[in-house]
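**Q** Here's the letter readout for the chains.
Protein chains: 2
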Amino acid sequence: MTYCVSIATDSGLVFVSDSRTNAGVDVKNTYSKMYGFGVPGERQFTILTSGNLATSQSVISRIKKDLKLEGPNLFNFGHMTDVAEYIGEVSCNAQSKTKAADINVESYFLVGGQIGDQRHSVYLVYPQGNYISTSQDTTYLQIGESKYGKPILDRILSPGVSLETAAMCALVSMDSTIRSNLTVGPPIELSIYEVGSLAQGRYYRFDEDSKYLRRLKRSWDQALKDAFKTLPPVAWSATWDQRQDGDGRQELL
Amino acid sequence: MTYCVSIATDSGLVFVSDSRTNAGVDVKNTYSKMYGFGVPGERQFTILTSGNLATSQSVISRIKKDLKLEGPNLFNFGHMTDVAEYIGEVSCNAQSKTKAADINVESYFLVGGQIGDQRHSVYLVYPQGNYISTSQDTTYLQIGESKYGKPILDRILSPGVSLETAAMCALVSMDSTIRSNLTVGPPIELSIYEVGSLAQGRYYRFDEDSKYLRRLKRSWDQALKDAFKTLPPVAWSATWDQRQDGDGRQELL
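Chains as they are written, first to last, in our numbering: chain Z, 1 to 253; chain R, 1 to 253.
Each hint can be trusted.
Copies of one chain are not kept apart here, so a pair can be met inside one copy or by any two copies together.
In silico lysine-lysine, DSSO-like type, Cα no more than 27 Å apart, as pairs:
no.: 1; residue 1: Lys211; residue 2: Lys225
no.: 2; residue 1: Lys217; residue 2: Lys229
no.: 3; residue 1: Lys97; residue 2: Lys64
no.: 4; residue 1: Lys211; residue 2: Lys28
no.: 5; residue 1: Lys99; residue 2: Lys65
no.: 6; residue 1: Lys64; residue 2: Lys99
no.: 7; residue 1: Lys68; residue 2: Lys97
no.: 8; residue 1: Lys97; residue 2: Lys28
Note that these hints are calculated values from the structure, not bench results.
Throw the hints in and build the complete structure from the sequences for me.
**A** Shown next, in the form of structure tokens:
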């Protein structure tokens, strides 16, 4: 499995991905799932992948090959939608080439970036080649094992949050997922793109023994424990209700 | 779907369940999934259900019928394992009675309680009739849509936490699930059993417009936002790394 999340705020884009791939629990490998492409001053893209590793790798290598050809590629598309459309086509071709009746060769892609002065955005490209994008109401998109890490994103993210907060939120979301799911693991990659910079963003790679990740985890666990002390005790609730029947054998409901 | 969680701490038991049942998205109903049974001073049990509603209801009604008969029932079993074993058998019988080739009639049950001076505990009973129990290392068990609400339980719970904290943690876990999943919804039921009391615990029912739940949600959201201010900024990480190749077209990896 995999967990990748990408966030689009007013001030830029955040990308976080894990690096664990597995076929069953006894075939476990480490691959980066984050790829950056760009022409400084003109356009910048980051692509995250999940799903069938062979399909994902074939799509990425095809994207890189196309960059060296005259045809349509990441460096000459006019809009982010063209980029999403293109990745969808490449993905469908890669899947159709694989003869697999009983194996799932589907892959999902998150592609985010900015072209010139157009609005920065993130697209989720489905294995079928269609895609959806972030919006003012939907500031993030996930692929892979997305459930564990979703609540914190829902509670914290909004178009107005800073890139720092969005990045920390994505890392906490990743940490929650890693704790709960064996198939998601470090190294964790983080990329932060500042809107309008059209330059490669800040890129971080956190290994298993990363001091920063350990510190973030400790701080967050402590912060949550402290947060509970600020919550209104259940005892304050007026709805405490006791039901008892005649012969001393009570039932709720 | 459903979300139910039960927590066993040194000081007692906490049970939380939602009340939404659905068959598809356009057949939505409200049923309690929490059932309490007990003989004050002798034994106390709480049962939570998920899965096929017909199976769950048939199991509960069979349990109630048995209470009025001479045979083995909740009021004469000697150990919690007997109770789990019994619910597993009743569940298997209920499923086998249903002729359904293409419908899933499986149900899951959480049963927790205490008999006399024995150790209090919670059991998860699978549709196959087998079961697992809480332990010092595993202080909680979930049934239904369990992923969204798991991280907060993993971060907060330990055998030593107070019943108040465990109850609030379960409610926050429920709130996270309700936010992220349409098939889980209020009213929320909460039951808190104090170890050794052998009396029906505190019982709360929170409706959709519950002032307490709204307040808990607001306080938690605020507490999380504040918590982020205490986290070490990503900028402090030493691993910022920039990769650029010759012709100004850089790639990460």
